[in-house]
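Required output: the full structure, derived from the provided sequences and hints.
Protein chains: 2
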Amino acid sequence: MASSFFRTGKKIIAIGRNYAEHAKELGNVVPKEPFFFLKPTTSYVANGGKIEIPRGVVAHHEIELGVVIGKGGRDIPESEADFHVAGYTLAIDMTARNMQDEVKKRGLPWTAAKGFDTFTPVGHFIPKSAVHDPHNLKIWLKINDEFRQNGTTSDMLFRIPQLIEHVSSIMALEEGDVILTGTPSGVGPIQPGDAITAELSEPAGTEPLATLNFLAVQREGGYAFQP
Amino acid sequence: MASSFFRTGKKIIAIGRNYAEHAKELGNVVPKEPFFFLKPTTSYVANGGKIEIPRGVVAHHEIELGVVIGKGGRDIPESEADFHVAGYTLAIDMTARNMQDEVKKRGLPWTAAKGFDTFTPVGHFIPKSAVHDPHNLKIWLKINDEFRQNGTTSDMLFRIPQLIEHVSSIMALEEGDVILTGTPSGVGPIQPGDAITAELSEPAGTEPLATLNFLAVQREGGYAFQP
Ligand SMILES: [Mg+2]
Ligand SMILES: [Mg+2]
Ligand SMILES: [Mg+2]
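Going down the list, the sequences are from chains E and Y. With my numbering, letter number 124 in the first sequence gets 242, and the count goes up by one each step, no holes. With my numbering, letter number 198 in the second sequence gets 316, and the count goes up by one each step, no holes.
Check the hints yourself; a few may be wrong.
A pair holds if it fits inside one copy or across any two, identical chains being indistinguishable in the list.
Using 27 angstroms as the maximum straight-line C-alpha spacing, the simulated BS3-like pairs for lysine-lysine come out as follows [what the hints assert, rightly or not]:
{"no.": "1", "residue 1": "K246", "residue 2": "K189"}
{"no.": "2", "residue 1": "K222", "residue 2": "K150"}
{"no.": "3", "residue 1": "K142", "residue 2": "K222"}
{"no.": "4", "residue 1": "K189", "residue 2": "K168"}
{"no.": "5", "residue 1": "K142", "residue 2": "K260"}
The set of hints was computed from the structure by calculation and includes no laboratory data.
And the structure:
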């Protein structure tokens, strides 16, 4: 079931640089076609949980709209993409930014920098029927009650049907897979002790579609990054 | 069940440059600690199947010993790693080499270059009890009956317990996860129409532990790489 993606999903496909302002803030150019990386589903942590920051790691928040796949498929054309979407979720694509900077320089995979346990804090499943237009949603993230990211999904460079067409032309999608659609500008570090809140909502200020609450803590043991 | 990893496993963790001769042949230095990337399980294709080469892609074979995780865990010390191994498998880490060269230059993820459908041809589950010593196995790959790779797992730079300790210090391992342990030298392109065979065996020429047979074909439709 797509609604149990947290438990049963096999992949998390995360799109890079899908908001022009965010590409700019990291000194990157806007891509000509979408690109993506995989995060392991072991990086999920459910709403209310703790985000663990590994030793030596500068951990950045990236708030993102997640698309939950319902019906799997391969070579899905843009025009049929909506049929494969079961719903949405709100997620944070946590990133070990100093590790990522290093592997980018050396031409190495992004996997570890993006894949630590608890590096994909995520909310509940939002059925498609509850969302008026996924490309017109307010999305924000606060640290200790201060806005850090405050954007709208209308700023996506590649829209959801294009992302589904692109990804499924390379790798088949399956029920429960989640596509993280990229982050608006304002990314930055979180520190142990920080309270992270985030929200996804329709523009006409009704009840939010999702509200996230996480506490950042220092990871005990595990990998230590030494630059 | 670990033995059904093909159907139920969630991640494929592939180690890079774990044989000195292979690192050298691609002009890379030997890493100081293991590094890895994820392949989606949608890239599995079972023995006897077809390896599809996407348009514009130079697809290289990398024959690898796969370790199938039985008992999951996090922060698994080297000394306890064997307890988490259920068995082994023989797999080919297919790689879109020209795409990989391009993303390495640009500091982008390896994911698409490694993650196409059918890019992880794989054999059956080999229970741990059937293998005398995983670090002393002959491993070879032939194209149209000619040897291309012919190595021994005794040449691994980082051994299986070290790999399990390293990976699990970053991301938790789960039952059915597969760790591909890197490839010996001799990687190179396969062409549509090529017959690929591969074998894993004990050094004292008894029955092979695994024999793979795949046919390479041109992928119809899907992504086309334009350098
Ligand atoms: Mg992101
Ligand atoms: Mg995966
Ligand atoms: Mg490999």
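Item checked: Homo-oligomer pair classification [K189, K246; C-alpha up to 27 angstroms] -> Answer is within; shortest intra-copy Cα gap is 13 angstroms, inter-copy 36 angstroms.
Check: Is it within, between, both, or neither for K142 and K260, if the alpha carbons may be no more than 27 angstroms apart?
Finding: Classified as within; 21 angstroms inside a copy, 47 angstroms across copies.
Note to self: When Cα atoms must be at most 27 angstroms apart, do K189 and K168 count as within-copy, between-copy, both, or neither?
What the structure shows: between (31 angstroms within a copy, 24 angstroms between copies)
Note to self: Cα distance capped at 27 angstroms. Does K222 pair with K150 within a copy, between copies, both, or neither?
What the structure shows: both (19 angstroms within a copy, 17 angstroms between copies)
Check: Between the shortest in-copy and the shortest cross-copy C-alpha distance, which are at most 27 angstroms for K142 and K222: within, between, both, or neither?
Finding: Cα proximity of K142 and K222: in one copy and across copies (16 angstroms, 21 angstroms).
Hint compliance for this structure: no hint is broken.
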